[in-house]
Amino acid sequence: GAGVSQSPSNKVTEKGKDVELRCDPISGHTALYWYRQRLGQGLEFLIYFQGNSAPDKSGLPSDRFSAERTGESVSTLTIQRTQQEDSAVYLCASSLELKAFFGQGTRLTVV
Amino acid sequence: GQSLEQPSEVTAVEGAIVQINCTYQTSGFYGLSWYQQHDGGAPTFLSYNGLDGLEETGRFSSFLSRSDSYGYLLLQELQMKDSASYFCAVSQAAGNKLTFGGGTRVLVKP
Numbered sequence: 001g002a003g004v005s006q007s008p009s010n011k012v013t014e015k016g017k018d019v020e021l022r023c024d025p026i027s028g029h030t031a032l033y034w035y036r037q038r039l040g041q042g043l044e045f046l047i048y049f050q051g052n053s054a055p056d057k058s059g060l061p062s063d064r065f066s067a068e069r070t071g072e073s074v075s076t077l078t079i080q081r082t083q084q085e086d087s088a089v090y091l092c093a094s095s096l097e098l099k100a101f102f103g104q105g106t107r108l109t110v111v
Numbered sequence: 112g113q114s115l116e117q118p119s120e121v122t123a124v125e126g127a128i129v130q131i132n133c134t135y136q137t138s139g140f141y142g143l144s145w146y147q148q149h150d151g152g153a154p155t156f157l158s159y160n161g162l163d164g165l166e167e168t169g170r171f172s173s174f175l176s177r178s179d180s181y182g183y184l185l186l187q188e189l190q191m192k193d194s195a196s197y198f199c200a201v202s203q204a205a206g207n208k209l210t211f212g213g214g215t216r217v218l219v220k221p
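Chains A and B, in that order, give the protein sequences.
Numbering of the first sequence is given in the working numbering, commencing with residue 1 and proceeding in unit increments.
Numbering of the second sequence is given in the working numbering, commencing with residue 112 and proceeding in unit increments.
There's no promise every hint is true.
Stated by the list, open to error - Derived CB-CB ranges, DEER-like:
(1) B:LEU165 to A:GLU68: 36 to 44 Å
(2) B:ALA123 to A:ARG22: 36 to 44 Å
(3) B:VAL124 to A:ASP56: 41 to 49 Å
(4) B:LEU218 to A:GLU85: 22 to 30 Å
(5) A:THR78 to B:THR137: 26 to 34 Å
(6) A:THR76 to B:TYR141: 23 to 31 Å
(7) B:VAL124 to A:PRO8: 35 to 43 Å
It should be emphasised that the hints constitute simulated quantities derived from the structure, not laboratory data.
For every residue, glycine included, the Cβ atom is placed at its ideal position computed from N, Cα and C.
All chains should be built: construct the whole structure from the sequences, respecting the hints.
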């Protein structure tokens, strides 16, 4: 595609429910990143995929968070048993080398 | 691990020049990038420095000193549309994960 696509753009969920966020990276980009951004805050690293290497999961805040990527294509970020503190914008980015391209993000609200 | 420090907010008037500093500590360093993010929007790439020195792209320039673990973004001839948050980010290798600073919010006043 022309850019990084994320879906849904907005998600409201009840506390305790599971949610799945999707990211379609730019075709051919080997690296894919997930970040979390709370209102007015910086970008908090969550997880990083690079080709067929083992993902860097060092930023996942708890075992309720997991992510998968199929080859060099779509990635899903799953949050289980959501809590109010999970409310944030979740941004996905992909890159080939030095320049990362971001999607518009998924705004998650846990009520 | 990595840590990056940048000022939280800068205010300036149209036509002025703003410099946003970024100092970093990282185990292994490949390059320093800058991204712009307007409210409600996605971060967009502005510039990259892999070697010491100044990179110029129109009204924006970025500088890196590897020996000082320091870089800056220079915004010249400020325009109202430059009001946004600016993030520095370090990468440890080509295509490696990007670690971002907390961002500097730039407010441009008439």
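Hints, verified against the model:
1. B:LEU165 to A:GLU68: 36 to 44 Å: Check passed, 41 Å falls within 36 to 44 Å.
2. B:ALA123 to A:ARG22: 36 to 44 Å: For ARG22 of chain A against ALA123 of chain B, whose Cβ atoms are near 39 Å apart, the range 36 to 44 Å holds.
3. B:VAL124 to A:ASP56: 41 to 49 Å: holds, 42 Å
4. B:LEU218 to A:GLU85: 22 to 30 Å: holds, 29 Å
5. A:THR78 to B:THR137: 26 to 34 Å: With a Cβ separation near 30 Å, THR78 of chain A and THR137 of chain B satisfy 26 to 34 Å, so the hint holds.
6. A:THR76 to B:TYR141: 23 to 31 Å: holds, 28 Å
7. B:VAL124 to A:PRO8: 35 to 43 Å: holds, 40 Å
In summary, this structure violates none of the numbered hints.
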